[in-house]
Amino acid sequence: VLFGFDVISILLGGISAGMVLFIVSVGLSVTMGLMGFVNLAHGAFAMLGGYVIVLSMDELGLGFAPALIVGFVSVAAVSVVFERLLYSRLYRADELDQVLFTIGLVFVFIAAITIVVGPETITLTLPPALRGQFDLGFTEYRTYSIFLIVVGVAIVVGLWFGFERTRLGAQIRATVDNRRMAESLGINVDRLFTITFAFGSGMAALGGGLGAEFLGLDPQYALKYLVYFLIVVSVGGLGTVVGVFWASVLIGVLDFVLKLYIPKGGTMFIFALTILLLLLRPQGLFRKAER
Amino acid sequence: MTALPVTPAGHAAARTLTERHRLRWWEPAPWILAIAFYFAYPTYLGFGTEVLVAILFALSLDLALGYAGILTLGHAAFFGAGAYTVGLLAFHGIWNEPISSLLLAGAVAAVIGFGSGIVLLRTQGLTLLMLTLCTMTLLEEAANLGHEYTGSFDGLPGLPIAPLLGKFEFNPLFANTQFIYALVVLFVCFVFVRTLVYSPYGQSLTGIRENILRMHAVGSPVRWRLVTCYTISAAVAGIAGGLWAQANAYVNLTTLSLDRAATVFIILILGGHGRLYGAFVGGVVYMVLAHFLARIYPTAWQLGLGLVLVVIALFAQRGILGIGAALLQRLRDRRVAS
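First to last, the protein sequences are chains E and W. Residue 91 in my numbering sits at position 91 of the first sequence, and the numbers go up by one each step. Residue 1071 in my numbering sits at position 71 of the second sequence, and the numbers go up by one each step.
A hint or two may mislead.
Here are some, though not all, of the chain W residues that point toward chain E, as calculated from beta-carbon distances under 10 Å [stated by the list, open to error]:
hint: 1; residue: Arg1122
hint: 2; residue: Gln1124
hint: 3; residue: Leu1126
hint: 4; residue: Glu1141
hint: 5; residue: Ala1162
hint: 6; residue: Thr1195
hint: 7; residue: Leu1309
hint: 8; residue: Leu1314
Below, a list of computed lysine to aspartate or glutamate pairs in the EDC-like style, where the Cα atoms sit at most 16 Å apart [stated by the list, open to error]:
hint: 9; chain 1: E; residue 1: Lys259; chain 2: E; residue 2: Asp6
hint: 10; chain 1: E; residue 1: Lys224; chain 2: W; residue 2: Asp1333
hint: 11; chain 1: W; residue 1: Lys1167; chain 2: W; residue 2: Glu1097
hint: 12; chain 1: E; residue 1: Lys224; chain 2: E; residue 2: Glu120
hint: 13; chain 1: E; residue 1: Lys264; chain 2: W; residue 2: Glu1148
Just so you know, these hints were derived from the structure itself, not from any lab. Remember, it's a predicted structure, so these values are computed and weren't measured experimentally. Beta carbons are placed, not taken as given, at the ideal position from N, Cα and C, and that holds for glycine.
My request is simple: use the sequences and hints to build the entire structure.
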């Protein structure tokens, strides 16, 4: 059926784009939920990761999987340095100063990438195994999109397990809910934050690399997609993992459909919808209201 | 009424409060400097007009962000609304008299500010930041979509602005007319903002910024104060946008972009927010640096700007004027001690 086929390809295309959104944004959600830190530089870490991954494949000849690992580890390491030296000074500062600081950081990243790599857009060359079409039995679709969905689902399951079933996850949830109480119970919130910040930035790097195939990579990346990352986080709810996952799927599919059927100005609906949603449920779609 | 003995009139705090609206000896300085600039650098008047517009825009943001503490990243929404009001009216031959179209620009921006403020200002912090950002992007998309009227990305070029007061030719070739005109507009807006800030109303805005719960507790109509302040700020931003459109004789999508919103944010913070003259210092410093450095070394400029922002956020949270005030205070303390 033609109509049925359309729905399936829209869903697959939208969900695979949503997976990239999710992988990039999940770290932002958790760190903002934990510390209430308005980190506008999160997109810059995603961009940095994307560049590390693509360049280590092109210049060093690494395979796709090793490059992803290199990107994750190096950006996580860099982010720890930033977190300990700079971010940690502003945890108790105004949101204004946090916004200013992270915007400044974004500019520094953009300029640094322009100087080191150049202003041109670079893209990811997929390994042969991920190119072409994949036979799903009932339909064929781009292998890479299927791969992204599999990776995204694996990550959300893994994160959900880590979040809900491990000691570290319980500590994070406790701190998101009530930071003071968590501190008085002896949870080392600073250390917790460093760990989640590093992990979140590493995930952003992973997302930057995985998404480079269709988003492209240029120095403006850090600002260009920032609004989308923030929308996903605020729609999904600060400090959630599963909420951000569903929000990413929602925004991904919506964006895909709108760009397909209303190429001019279709994205307006996403912004309008976000405004409406934030007004009706400021805590996000998938998070329970504060008691 | 008998005077309460708690705060004697001669007390230092009482004196600060009752005398702070008085004109300080140095306050005419910016205007004298501007007029001196007019005579000293006749070839740079176009650039001078740009600086004046930037100062006016930063001043409008100061009212919302600096005084009332409304965290907004979407102030370009009002700048753009004002610019497009002037642009659309002039381009389609409906109205092109400069002064009245500037007032219209302010009015349109005020309506948008009131409409969005009444809804958005129920929220705070990150949610508010997101909402202002989304509102601005929504307007930008709308301007992009209305291709037939707004010219989308290319904008509306060659706006025919009528002669000022029916006498003085008004277009980028007559930079001296534009500079004086912009200076007068800035002066009128500044006097208005200064009066507002030193009024009891302005005092209550500062109170809301410092401790919103306490202001609720003392019975201040917090939300209305925020909405009216946001509306006034939007109107001033709209006038700045209209002025920009008139001076350049064109409008395009950059008037509504995140880039512009971030720039004005940076200008204000650089100069010092919550201070009347922060917009002036920040506007001049930023625009001069941008004008001379950004053209020659665009990347190094961005790197330097980023580093400056990081340093300000970490160490100098009250901007250039804040540093100046702190140094002055230290000097005074030393004089008292010795």
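Status of each hint after checking the structure:
Using the Cβ-Cβ criterion of 10 Å, the hint placing Arg1122 (chain W) at the interface with chain E is satisfied: the shortest such distance is roughly 8 Å. Using the Cβ-Cβ criterion of 10 Å, the hint placing Gln1124 (chain W) at the interface with chain E is satisfied: the shortest such distance is roughly 9 Å. For Leu1126 (chain W), the interface hint holds, since its Cβ comes within 10 Å of a Cβ in chain E; the closest pair sits about 6 Å apart. Taking 10 Å as the C-beta cut-off, the interface hint given for Glu1141 (chain W) holds, the closest approach to chain E being about 4 Å.
Annotation: interface hint on Ala1162 (chain W) violated; nearest CB of chain E at approximately 33 Å, more than 10 Å. Hint status for Thr1195 (chain W) relative to chain E: violated, with the closest Cβ pair at about 25 Å, above 10 Å. For the restraint placing Leu1309 (chain W) at the interface with chain E, the shortest Cβ-Cβ distance is roughly 3 Å, inside the 10 Å limit, so the hint holds. Taking 10 Å as the C-beta contact cut-off toward chain E, the hint placing Leu1314 (chain W) at the interface holds, the least distance being around 6 Å.
For a cut-off of 16 Å, the pair hint linking Lys259 (chain E) to Asp6 (chain E) stands: about 14 Å separates their Cα positions. Pair hint Lys224 (chain E) plus Asp1333 (chain W) does not hold up; C-alpha atoms about 48 Å apart against a cutoff of 16 Å. Between Lys1167 (chain W) and Glu1097 (chain W), the direct Cα distance comes to roughly 11 Å. Compliance with the 16 Å bound is thereby established for this hinted pair. Restraint check: the Cα-Cα separation between Lys224 (chain E) and Glu120 (chain E) comes to about 15 Å, which is no more than 16 Å; the hinted pair holds.
The suggested pairing of Lys264 (chain E) with Glu1148 (chain W) holds, with an alpha-carbon distance near 13 Å, which does not exceed 16 Å.
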